[in-house]
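Number of protein chains: 2
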Amino acid sequence: MTDTSGLPFASFLRTRRAEIDRALDAFLPPVSGRLAGVHDAMRYSLFAGGKRFRPILALAAAESAAPGDPAALDLALPSACAIEMIHTYSLVHDDLPAMDDDTMRRGKPTLHVVCGEGLAILAGDGLLAEAFVLLAREPDCEGRPERAARKLAVIRRIADAAGAAGMVGGQAIDLQAAGRGCDAEGLDAEGLRDMHARKTGALIRAAAASGAIMAGAAPARLEAIDGYAAALGLAFQIVDDILDVEGTDAALGKTAGKDAASAKPTYPALFGLDASKRLARDAAGDAHAALAGAGLERTRLADIITWVLSRTS
Amino acid sequence: MTDTSGLPFASFLRTRRAEIDRALDAFLPPVSGRLAGVHDAMRYSLFAGGKRFRPILALAAAESAAPGDPAALDLALPSACAIEMIHTYSLVHDDLPAMDDDTMRRGKPTLHVVCGEGLAILAGDGLLAEAFVLLAREPDCEGRPERAARKLAVIRRIADAAGAAGMVGGQAIDLQAAGRGCDAEGLDAEGLRDMHARKTGALIRAAAASGAIMAGAAPARLEAIDGYAAALGLAFQIVDDILDVEGTDAALGKTAGKDAASAKPTYPALFGLDASKRLARDAAGDAHAALAGAGLERTRLADIITWVLSRTS
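Those protein sequences? They're chains A and B, same order as listed.
Using the numbering used here, the first residue of the first sequence is number -13, and each one after it goes up by one.
Using the numbering used here, the first residue of the second sequence is number -13, and each one after it goes up by one.
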């Protein structure tokens, strides 16, 4: 992968995004034969113009954990891509009529609008399962017990983040809080934080941890990067909630104001806009502090905090 | 686990089923706190009275691959349970209105009937993700590189079987053949066989292979067990199609005759009932031959062929 150390942040992002897109294209099954329908559906959502925030974070964590080691990036690339596949599956399922019922995403019709609910459910299932195919397959660990041990640790973190205590649990809380599940209930501040920690925070933490682990980070450095990612994930989610209030449909590529219209629990709804912005800055401050504590304050991980705070989509 | 070597087949099945149920109960997250809704939904489907065919097959393969080694069964139990979780997730999603639209399964209302489509989709997602949590977590491989290598091989086989070329691909072909997907098309005999090999065959093969691999089967024995399982899976699916024609709602615990009513591609629809029964017996014969070729004709794996051919539900 490209040495981006001298590049401005925007060029770094562009370079990594192109590398991740190429890797995803190579990892995904080609569109062919009887399976063309579902393969095509998986690719439609995976290449719909995502920011690639999670895999970029994973690669930046790998680079920061093992600076100057070009192999670290190659080792971290498969799990970085697997995480983007899991993120995409969660969007496809969250957009379904039985969930958030969204018809636009990243400026394009959502998958179930394009090819029906049945195939959209299956394409989501396929992206989740193929993420584990990729994790199990690459990088090759034949005769390399240390690498195999790292990989098993990464698979465990990613599966935990995707599972019933992670993303699935967070989306279930969200569904119930919006009054559409079995057991509707309101959410207080602690409940909102818990929901977001599961729904978006867990996979963001797993992304950073996976990069650090594959790069062979020592336990203390891994712990610092994990603490950074927990704070970063919180900032990311608060900004997401704020953008739903302040953003435009055009910039977001989806319908703004949807959270309030569906009475979803959000930071602005619970704390107001000003306090939400302060909370996002506080979380960003915690992320910077976690990096500084491990001597990582001059890495791409710090730039990523600024990116998260200043994004408009 | 219990030494069942002296037991009649019915007692062997009962014993293993109870052990698998206990293990699944211990592996699954407990129903508690904010996540009670989705945990409860996952458990509803997982403990709805399944035959436990796949995990029983996995354990029988482990026992046959390493006869007299009690550790083999313990090593194979987590992946056996993970496969049952993946099988259950696939039933939950296949039953959804956007897929097969089934309201009864194993004599009980299907999950989406009980708690809504949103939570049913999430519970399915949760079962799939938790299967990989379990695979990554157990058995413990810390400091045991050989066991870690076996586990990675098993994760890969299971993920492949669940993925876009396996179960998900098979269900997508089924959906399209029933004219509800993006690209409807009829299926000929080769197409039907291919669909079933993906939709049900792949996970049945992965079950047998996972048990054999965790038990440390030599390559030739693993290959024989895999060939056996491929033939067994075909017999299983043909019998399934026949039962949909000849079975009763009460015995099946679901609506019989549903395949024909929805013009699904099946063996009886394509070949007629008599030829289908002959094809099932032929596949069973192939399974016996694969065992005999590896000196495994006097194991539980042979009894399982008879079970598959004679089942009424």
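Note that these hints are calculated values from the structure, not bench results.
Worth double-checking, as some hints may not be accurate.
Each pair may be met inside one copy or between any two copies, as identical chains are not told apart.
[Said to hold, decoys possible] Listed below are the simulated DMTMM-like cross-link pairs for lysine to aspartate or glutamate, each with C-alpha atoms no more than 25 Å apart in a straight line:
| id | residue 1 | residue 2 |
| --- | --- | --- |
| 1 | K244 | E283 |
| 2 | K250 | D26 |
| 3 | K37 | D174 |
| 4 | K263 | D11 |
| 5 | K244 | E103 |
| 6 | K263 | E132 |
| 7 | K244 | D11 |
| 8 | K240 | E103 |
Verification of the hints:
When the C-alpha separation of K244 and E283 is checked against a cutoff of 25 Å, the pair qualifies neither within a copy, at 36 Å, nor between copies, at 62 Å. Taking the shortest alpha-carbon separations for K250 and D26, only the inter-copy value of 23 Å comes in at or below 25 Å, while the best intra-copy value is 32 Å. In this assembly of identical chains, K37 and D174 lie within 25 Å of each other by CA distance neither inside one copy nor across copies; the values are 30 Å within and 43 Å between. Within a single copy, K263 and D11 get their C-alpha atoms no closer than 37 Å, and across copies no closer than 44 Å, so neither meets the 25 Å cut-off.
For a Cα distance limit of 25 Å, the shortest separation of K244 from E103 qualifies both inside one copy, at 21 Å, and across copies, at 21 Å. For the homomeric pair K263 and E132, neither the shortest alpha-carbon distance inside one copy (43 Å) nor that between copies (51 Å) is at most 25 Å. Taking the shortest alpha-carbon separations for K244 and D11, neither the intra-copy value of 32 Å nor the inter-copy value of 39 Å comes in at or below 25 Å. Taking identical chains as interchangeable, the C-alpha atoms of K240 and E103 lie at most 25 Å apart whether they share a chain (19 Å) or sit on different chains (23 Å).
Going down the numbered hints, you'll see the structure goes against 1, 3, 4, 6, 7, while the others check out.
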